[in-house]
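*Asks:* For reference, the chains in residue letters:
Protein chains: 2
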Amino acid sequence: MRDAFHDDLDRVSDDLVEMTTMVGAAMRRATTALLETDLTTAESVIAADDDIDNLRREVDDRAVDLLARQQPVATDLRMVVTAMHMSSDIERMGDLARHVAKAARRRYPDCAVPDQLHGTIREMADVAERLVSATGQAIANKDVHGAVAIQTIDDQMDELHRKIFGELLNQTWEHGTEAAVDTTLISRYYERFGDHAVAVANRIVYLVTGRYGSESEGLKR
Amino acid sequence: MRDAFHDDLDRVSDDLVEMTTMVGAAMRRATTALLETDLTTAESVIAADDDIDNLRREVDDRAVDLLARQQPVATDLRMVVTAMHMSSDIERMGDLARHVAKAARRRYPDCAVPDQLHGTIREMADVAERLVSATGQAIANKDVHGAVAIQTIDDQMDELHRKIFGELLNQTWEHGTEAAVDTTLISRYYERFGDHAVAVANRIVYLVTGRYGSESEGLKR
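Protein chains in written order, with numbering that gives the first Met the number 0: chain A, 0 to 220; chain B, 0 to 220.
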């Protein structure tokens, strides 16, 4: 009985890791779509978000099924509940990648972000990629140290987000209001992407240590 | 055994309704802080968000405890799982009210939003209030029709959000980039507040009818 439970739980964990891979690819490709004004890639990111949503639904259905059939208690129960919370955060990361792709599509054939900010956006995309990779590994290995490190990686995202806002609020901004609105939203999408990675990380910390720590910090912003 | 379960579940439901009341008050007061540049109210909204976070944690802990002690199956199990998802969405609505209050504080003693948009923001706040009220009632009564109506109320929020963006992207915008950035974010906070109400509503529909419908539509934007 317990073995069947842990087999099922491993499968849930594998699916969560797969979800992190999917949202990582989505954000990387959304960034390409944005910075290289690549409409085909934008469309494909938008369409592929359904796959992430479907996998999330499978994870949740399997988790509920696990609860019903195996009636886990204590740590086993916490693991199933945590998995459902994590699937929600990771699915939302996919939505944010889709938002970036939609912003790219909306301004095509122009670029939604002024040239001078492309370097910073590219850095945000790099941080996003490191965040999902670290999140996937932390889930796979139930690695508290890895999870704690995600907060530190996310600090870099916040720093880049502040840098973008510094440019926006600089008196010398000369790209007009539309570019300001687009840049504001796009920068926030990357920043929120990082916040959800932190939320997943904090769930792992809680699961393993039983302590909330800065549980919802990542989602506070 | 079953009676104790339903007593506990009623308490979870009551707490969720209480959370909707709290986030409704938070958004109403955040709007006052914003439009009347009222720093004291802004600070109090920001501070009071901890109460919402704490109640959310209590709801989740009680839900996990219910799963562990009563090991519900079928509809009872779905109700507990749904409650956890709803607490997450409602807590996030509180965060969004806090974001509005923080934007008010950031620009104090100036107003973060130009005078000409105050009417539209006030309308968004009114819609937000109707949304939380309808959400609380739909939770209390497990009312599918009420839940479905929430989507229609949220359409008004989306319309107001588009109206704000229309103003922002109008050639005659003369309030500068800082006001554009603030207005973009603030309008999005109200719009996301509505999306989370829709997400809660869709959970109720799923719980009662077993159909997903446009389950994550509200959170897609």
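Bear in mind the hints are in silico, worked out from the structure with no lab data behind them.
For clarity, every value in this text was computed on a predicted model and none was experimentally measured.
Every residue gets a Cβ at the ideal spot worked out from N, C-alpha and C, and that includes glycine.
Misleading hints may appear alongside valid ones.
As the list claims (entries may be wrong) - Listed below are several chain B residues computed to face chain A (Cβ distance under 10 Å; list not exhaustive):
no., residue
1, 76
2, 79
3, 170
4, 179
5, 182
*Asks:* Would you mind marking each hint as holding or not holding in the structure?
*Replies:* Verification of the supplied hints:
Because the smallest distance between the Cβ of residue 76(B) and any Cβ of chain A comes to about 5 Å, under 10 Å, the interface hint for this residue holds. For residue 79(B), the shortest C-beta to C-beta distance to chain A is roughly 9 Å, which falls under 10 Å, so the interface hint holds. A hinted interface residue such as residue 170(B) counts as satisfied when its beta carbon comes closer than 10 Å to some beta carbon of chain A; here the least separation is about 9 Å, so the hint holds. With a cut of 10 Å, the hint placing residue 179(B) at the interface with chain A holds, because the nearest CB-to-CB distance is about 5 Å.
The restraint placing residue 182(B) at the interface with chain A holds, with a minimum CB-CB distance near 9 Å, inside the 10 Å limit.
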